[in-house]
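Asks: In order, the protein sequence lines correspond to chains U and R.
Start counting the first sequence at 88; every next residue gets the next number (the working numbering).
Start counting the second sequence at 4; every next residue gets the next number (the working numbering).
Hints may contain errors.
Below are the BS3-like pairs computed for lysine-lysine, each with C-alpha atoms no more than 30 Å apart in a straight line [claimed, not checked]: (1) U:K350 / R:K68; (2) R:K68 / U:K354; (3) R:K68 / U:K337; (4) U:K337 / R:K7; (5) U:K196 / U:K140; (6) R:K71 / R:K7; (7) U:K196 / U:K305; (8) U:K109 / U:K141; (9) U:K141 / R:K51; (10) R:K11 / R:K37; (11) R:K51 / U:K140; (12) U:K354 / R:K71; (13) R:K51 / R:K11; (14) U:K350 / U:K665; (15) U:K350 / R:K71; (16) R:K51 / U:K267; (17) U:K337 / R:K51; (18) U:K267 / R:K106; (19) U:K468 / U:K354; (20) U:K141 / U:K104; (21) R:K7 / U:K141.
Calculated from the structure, these hints are not laboratory results.
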Amino acid sequence: MTNRIDLHPTHSHGEFKLRAGKPLPFGATLVPGGVNFSVFSRYATACSLVLFKKHAAQPFAEIPFPREFRTGNVFSMILFDVDYENIEYGYRMDGPYDPENGHRFDKEKILLDPYAKLVSGRDVWGKEPDWNNIFPHRGQILADDFDWEDDCQLEIPFEDLVIYEMHVRGFTAHASAKVKHPGTFAAIRDKIPYLKDLGINCLELMPVHTFDEFENSKLSPVTGERLLNYWGYSNVGFFAPKAGFAATGKFGMQADELKNTIKTLHKNGIEVILDVVFNHTAEGNERGHYISYRGIDNKTYYMLTPEGYYYNFSGCGNTLNCNNPIVRNMILDCLRYWVTDYHVDGFRFDLAAILGRDQNGAPMSSPPLLETLAFDPILGKCKLIAEAWDAGGLYQVGSFPSWGRWAEWNGKYRDDLRKFLKGEPGLAGAVSQRIQGSPDLYQWEARENCASVNFITCHDGFTLMDMVSYNGKHNEANGENNSDGGNDNHSWNCGWEGPCDDKEVNRLRIRQIKNAAAMLLVSHGTPMILAGDEFGNTQYGNNNAYCQDNELSWLNWEQLSENAEIHNFFRQMIAFRKASPMLRYSSYAMNAAPDVEVSWHGTSAWNADWSGAARTVAFMCRRWQSDERRTVEPDIYVAMNMHWDAHGFELPGLDNGRRWHVFANTGMESPDDIVTPGNEILLDNQQYFMVGPRSVIVLVGK
Amino acid sequence: MEVKTQMKGKVNVISLVGDLDSNTAPATEAEMSKQIVAGCCLALDLSKLRYISSAGLRVLLMIGKQLKTQGGRWAFCGLSDEIADIMEMTGFSGFFTVYPDLKTALDNLSANQE
Chain U
88 MTNRIDLHPT
98 HSHGEFKLRA
108 GKPLPFGATL
118 VPGGVNFSVF
128 SRYATACSLV
138 LFKKHAAQPF
148 AEIPFPREFR
158 TGNVFSMILF
168 DVDYENIEYG
178 YRMDGPYDPE
188 NGHRFDKEKI
198 LLDPYAKLVS
208 GRDVWGKEPD
218 WNNIFPHRGQ
228 ILADDFDWED
238 DCQLEIPFED
248 LVIYEMHVRG
258 FTAHASAKVK
268 HPGTFAAIRD
278 KIPYLKDLGI
288 NCLELMPVHT
298 FDEFENSKLS
308 PVTGERLLNY
318 WGYSNVGFFA
328 PKAGFAATGK
338 FGMQADELKN
348 TIKTLHKNGI
358 EVILDVVFNH
368 TAEGNERGHY
378 ISYRGIDNKT
388 YYMLTPEGYY
398 YNFSGCGNTL
408 NCNNPIVRNM
418 ILDCLRYWVT
428 DYHVDGFRFD
438 LAAILGRDQN
448 GAPMSSPPLL
458 ETLAFDPILG
468 KCKLIAEAWD
478 AGGLYQVGSF
488 PSWGRWAEWN
498 GKYRDDLRKF
508 LKGEPGLAGA
518 VSQRIQGSPD
528 LYQWEARENC
538 ASVNFITCHD
548 GFTLMDMVSY
558 NGKHNEANGE
568 NNSDGGNDNH
578 SWNCGWEGPC
588 DDKEVNRLRI
598 RQIKNAAAML
608 LVSHGTPMIL
618 AGDEFGNTQY
628 GNNNAYCQDN
638 ELSWLNWEQL
648 SENAEIHNFF
658 RQMIAFRKAS
668 PMLRYSSYAM
678 NAAPDVEVSW
688 HGTSAWNADW
698 SGAARTVAFM
708 CRRWQSDERR
718 TVEPDIYVAM
728 NMHWDAHGFE
738 LPGLDNGRRW
748 HVFANTGMES
758 PDDIVTPGNE
768 ILLDNQQYFM
778 VGPRSVIVLV
788 GK
Chain R
4 MEVKTQMKGK
14 VNVISLVGDL
24 DSNTAPATEA
34 EMSKQIVAGC
44 CLALDLSKLR
54 YISSAGLRVL
64 LMIGKQLKTQ
74 GGRWAFCGLS
84 DEIADIMEMT
94 GFSGFFTVYP
104 DLKTALDNLS
114 ANQE
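Turn these sequences into a full structure, and let the hints guide you.
Replies: In structure tokens form, the structure reads like this:
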């Protein structure tokens, strides 16, 4: 209906034609004839819309919202005849400056719309900004009519996912990536054949929301290079994609480029999960600067101490007030937006334990935000993955409120597997739990197996190659005297700290990487691989590369040929997982009969050694006797010897005339370490297998 | 922004000259719409298009949809490397047939007509 009577101006301000807008939706929305602007502030006494011509130093207009344009605590206005692509907008708000009572209004500042769908100001990655810009992060207006054709969320079952965690820029920024537009959304498309060949069906993108790579930038004391906020765990705008990650960002087309990337990934069977950072913003603490929220409604958006200081549960200066009803709705609006407008398949929530704290910071038993997200209709088929801890000491792995919907980054999986891999004794019991999807953590709640996202490495910490090459972190280049980054790495350098020429050390490292890959990909739950681990990417011992926008953190694709045997091992293990439904076990809810009979073994069959000295453990998966699939699906037996000596393992007997065949044996040199699924090699000795020092074998009975 | 038209045989050649963005999009769309008649055959020559924005690409998409409902056909030619690249990365190129130059576009459009 284009002839509505409320589509005509009622007011004017100079040359501008206006009328009262619609309070919902928040943000700037294209409507027939103009743009509807709507912004919330509970405590502002006055508000004006500030307009700039694209990239202009000074605004060309400032339009106050008259009283009749405010409904409740929402200022809204329709501005007619707007050349919407060539303007940038912000708000100026007046109100009390009274920090003790939580208010920090400053009418000198021009503020970014919290709901801005496009943000300009850092359009080209790493381009030095004009530090005198009076409004550095500017809202822009987006036409949201992308043509998705028949694309929709893929809804791959959680247990079938193989997640690949990547930094959009780091994935292809290195010259060896050989892409047309390095470090961009568009370049991910160039790598789709690679990802498919590897067997990946889900990308987890590190933050792609608008952030400022120049936040806290400084020069490295080691290299003299400028250090940037490369990872981007510090939000400027929750609704806007990072322009600097788009080859078309300089034309303001980052939204279309990201949407097209997701659409193309979906066409190729690959889901997209976004890493979202709702625990804090880039505005910092009392000494921080004004971008948006603190000038729009400080008391609503942030958790404040009774004295009006910022709580710092994030370790980044401030804490978003997630369980305030306004902020809760903003987060919900934001996630719904990414699902409806970007067709995103799921989210990983950074420091998610914060989302369960009340407005004073106390953990709640049934946090309204988490419950809302668990039951939201639009997010109904999304993957929701929590990083179930925060920087304020709340650790909720196994106890994060889930309502059967939330999964967790399983930090205990990482720690137990790493300790076992490096040869610590007494971990057989813990490892058996981890490999079964951690029922000790999740069964009490009758959670689905999708509760556990299993990982040994992620962006935070050592890469897999570094985990087997360094005993300690080497973060000097970060300029914090090596005091940043975790110290509990559970890593082992295999006998020499860092790169070395010793053939034995290097062989052992490769074997340990293969051991890790084998364990990860036979574990129940959802495996997550850190991008580059499949070809031995190193960060030279830096376990916190958040500020390293350079070759230290970028994937070096030349390693793909140098470490072809690692890559092949990952690829075959992923293929094996996909070919083995028993490894993608869907439920261990207490009242449901389990689908798979999992038995535990030691060097003698049916007799696992759970003692404090054990460094070996083995398991077998098969269908139950009564299950007709038992005759179709091969039995699987995995023996893990993390001791420095070889050990003989007695193999459990098979029925129906089946015989054991070797799929993988990390104790063998390439190409005898692994075969393609279906081509397993018959064992001469069906009773006994000598597993080499620090080695894993995977057998199939068929 | 200027919209020029010229008949070459049975093909109507439309040339866009200048910048196509939210400022020029409405007038350009109106002007191009006039060229759409049932069963028409258009060649869109973009060799003089200096810049195209997101709103500009949407105009082309809208015209394409109108053309389809009228049983018309069209093809693009003369794209600069940069514009071709933008269209590729933002997914717009998937909706259009693109030829390197006007002659190839005319040859193909005419050949398909007979």
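Asks: Take the hints in turn and mark each one as holding or not.
Replies: Hints, one by one, checked against the model:
no.: 1; hint: U:K350 / R:K68; result: holds, 20 Å
no.: 2; hint: R:K68 / U:K354; result: holds, 23 Å
no.: 3; hint: R:K68 / U:K337; result: holds, 28 Å
no.: 4; hint: U:K337 / R:K7; result: holds, 29 Å
no.: 5; hint: U:K196 / U:K140; result: holds, 18 Å
no.: 6; hint: R:K71 / R:K7; result: holds, 21 Å
no.: 7; hint: U:K196 / U:K305; result: holds, 25 Å
no.: 8; hint: U:K109 / U:K141; result: holds, 25 Å
no.: 9; hint: U:K141 / R:K51; result: holds, 24 Å
no.: 10; hint: R:K11 / R:K37; result: holds, 18 Å
no.: 11; hint: R:K51 / U:K140; result: holds, 26 Å
no.: 12; hint: U:K354 / R:K71; result: holds, 24 Å
no.: 13; hint: R:K51 / R:K11; result: holds, 18 Å
no.: 14; hint: U:K350 / U:K665; result: holds, 24 Å
no.: 15; hint: U:K350 / R:K71; result: holds, 23 Å
no.: 16; hint: R:K51 / U:K267; result: holds, 25 Å
no.: 17; hint: U:K337 / R:K51; result: holds, 21 Å
no.: 18; hint: U:K267 / R:K106; result: holds, 28 Å
no.: 19; hint: U:K468 / U:K354; result: holds, 18 Å
no.: 20; hint: U:K141 / U:K104; result: holds, 20 Å
no.: 21; hint: R:K7 / U:K141; result: holds, 29 Å
The structure shown violates none of the earlier numbered hints.
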